[in-house]
Amino acid sequence: MPVQCSSCTEKRAVLKRPKTGHSLCKECFFWAFEEEVHRTIMAGELFKPGEIVAIAASGGKDSTVLAHVMKLLNQRHNYGLELMLLSVDEGITGYRDDSLETVQRNQQQYELPLKIVSYKELYGWTMDAIVKQIGLKNNCTFCGVFRRQALDRGAMLLKVNRICTGHNADDIAETVLMNVLRGDIARLCRCTAISTASEGEGVVPRCKPLKYAYEKEIVLYAYFKKLDYFSTECIYSPNAYRGHARTFLKDLESIRPSAIIDVIHSGENLSVRDSVKMPVQGSCSRCGYISSQMLCKACMLLEGLNRGLPKLGIGKPHRLHEKILSKQPLTEEEERKLKPAVF
Amino acid sequence: MLPACGDNMAAPVRIILEFGGGAELLFDGMKKHHVTLAGQEQPWDIKQLLVWIQRNLLKERPELFVQGDSVRPGILVLINDADWELMGELEYQLQDQDNIVFISTLHGG
Ligand SMILES: [Zn+2]
Ligand SMILES: [Zn+2]
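Sequences listed follow chains A and B, in order.
Okay, so the first sequence: first residue is 1 according to our numbering, each after it adds one.
Okay, so the second sequence: first residue is 1 according to our numbering, each after it adds one.
Since the hints were made in silico from the structure, they are not lab data.
From a predicted model like this one, the values you see are computed outputs, not experimental measurements.
Heads up, some of the hints might be wrong.
[As the list claims (entries may be wrong)] Label-pair distances were calculated between CB atoms; the ranges are: (1) B/His-34 - A/Gln-281: 23 to 33 Å; (2) A/Leu-270 - B/Thr-36: 30 to 40 Å; (3) B/His-34 - A/His-244: 33 to 43 Å; (4) A/His-22 - B/Asn-56: 32 to 42 Å; (5) B/Arg-14 - A/Asp-184: 28 to 38 Å; (6) B/Gln-54 - A/Glu-35: 26 to 36 Å; (7) B/Thr-36 - A/Glu-101: 32 to 42 Å; (8) A/Ser-258 - B/Gln-54: 29 to 39 Å; (9) B/His-33 - A/Leu-270: 27 to 37 Å.
Built from N, CA and C at the ideal position, the CB exists for glycine as well.
Model the full assembly from the supplied sequences, consistent with the hints where possible.
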């Protein structure tokens with residue numbers, strides 16, 4: 001009972017597209033997927049000719065497909081971009097070192113220059129060492145905050161004009177949900193943006209060419225193209241909160257495939273009353289990175305690590321910023337609250 | 001459709017199972033399995049295959065692979081390199097030499 005491709009009507013269909021319900025053969029699927037990313041890029045005016053663009057590469061499925069498609073579209077449609085790969089080494093033995101090997105193979109397969117920046121050289125700490133100090137709670141907070149800045153620092157070193165990341169439709173829908181569940185209005189407004197302008201010193205503009213690409217299609221694209229990607233879960237407990245949002249969305253998607261895009265559209269169309277107070281973005285008085293507080297999140301986390309008070313950057317200890325900047329000692333009570341939990 | 005063959009037992013079905021995208025981690029990291037399903041009166045379908053996999057191959061955290069009597073949402077199934085959604089999903093009847101692939105999309109990118 002093979003189903004014929006609804007586009008060329010000649011070959012056997014290999015997948016049913018979640019977005020459109022169309023049944024397509026391999027070749028028609030590749031073309032449709034690639035040209036949709038191209039239309040996303042054109043409609044969002046994501047790049048300008050002559051720009052140097054870093055592809056954030058983790059070795060996973062999304063960034064591997066992104067690198068492949070960006071290289072292909074840059075040639076097919078003459079974007080005139082100079083592409084390179086930018087990877088972050090978090091210092092997680094048995095996880096990141098393996099996935100970085102995948103990135104190194106990708107570098108050869110796609111013939112793109114590769115730059116790897118590490119937490120160790122940027123912050124003086126590997127994730128292994130951080131987990132040793134703080135345990136398996138809040139480690140994803142450290143990793144997420146550090147990665148965001150690490151990409152910017154790497155991009156500055158490479159003097160690129162822009163970073164593109166492999167965030168797909170499923171990721172963005174998850175983030176919309178998580179921000180709703182947390183009541184984080186500022187992030188909710190930002191998270192559906194397909195690109196961000198430079199928000200200040202040290203922040204490189206970013207964009208998400210796979211914003212409307214379904215995870216199912218990304219995985220099948222990689223599978224049918226036999227792309228080389230790495231898939232293992234991080235050895236340090238997965239981000240549990242995101243995990244729940246993810247499971248919930250996947251359950252919805254199995255009943256109604258358009259659920260993913262629908263959630264994104266809901267996020268895009270939210271408008272916030274003028275009277276809602278939004279955090280004012282300034283810059284960190286220590287490192288200059290964008291921050292709505294006196295110290296940026298990374299500097300607070302780092303200060304906490306270096307002082308043996310890992311909870312310093314977790315939660316909202318804004319009152320302490322002034323003390324830390326002026327090197328005043330913390331009270332005993334303040335220190336006690338910020339120490340790692342004793343088991 | 002082939003004519004029904006009375007109450008004869010059908011021959012055993014030899015198939016290849018593949019796990020990828022991180023799903024192999026639930027199977028001792030083994031990506032490819034050659035298996036033979038014993039002959040039975042009714043033809044094997046994917047629904048029965050999932051029960052068989054759970055009993056005979058799945059090593060850990062079954063909740064990451066099955067949900068109810070189907071695969072967990074987020075696991076893609078390919079039957080002879082075609083999306084199972086085109087092939088009848090759980091009702092697809094296995095043929096000798098079929099290749100069934102399970103790919104997890106739940107792992108980071
Ligand atoms: Zn076709
Ligand atoms: Zn800072």
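- Message: Flag every earlier hint the structure violates by its number, smallest first.
- Response: Failing hints, ascending: 1, 2, 5, 6, 9.
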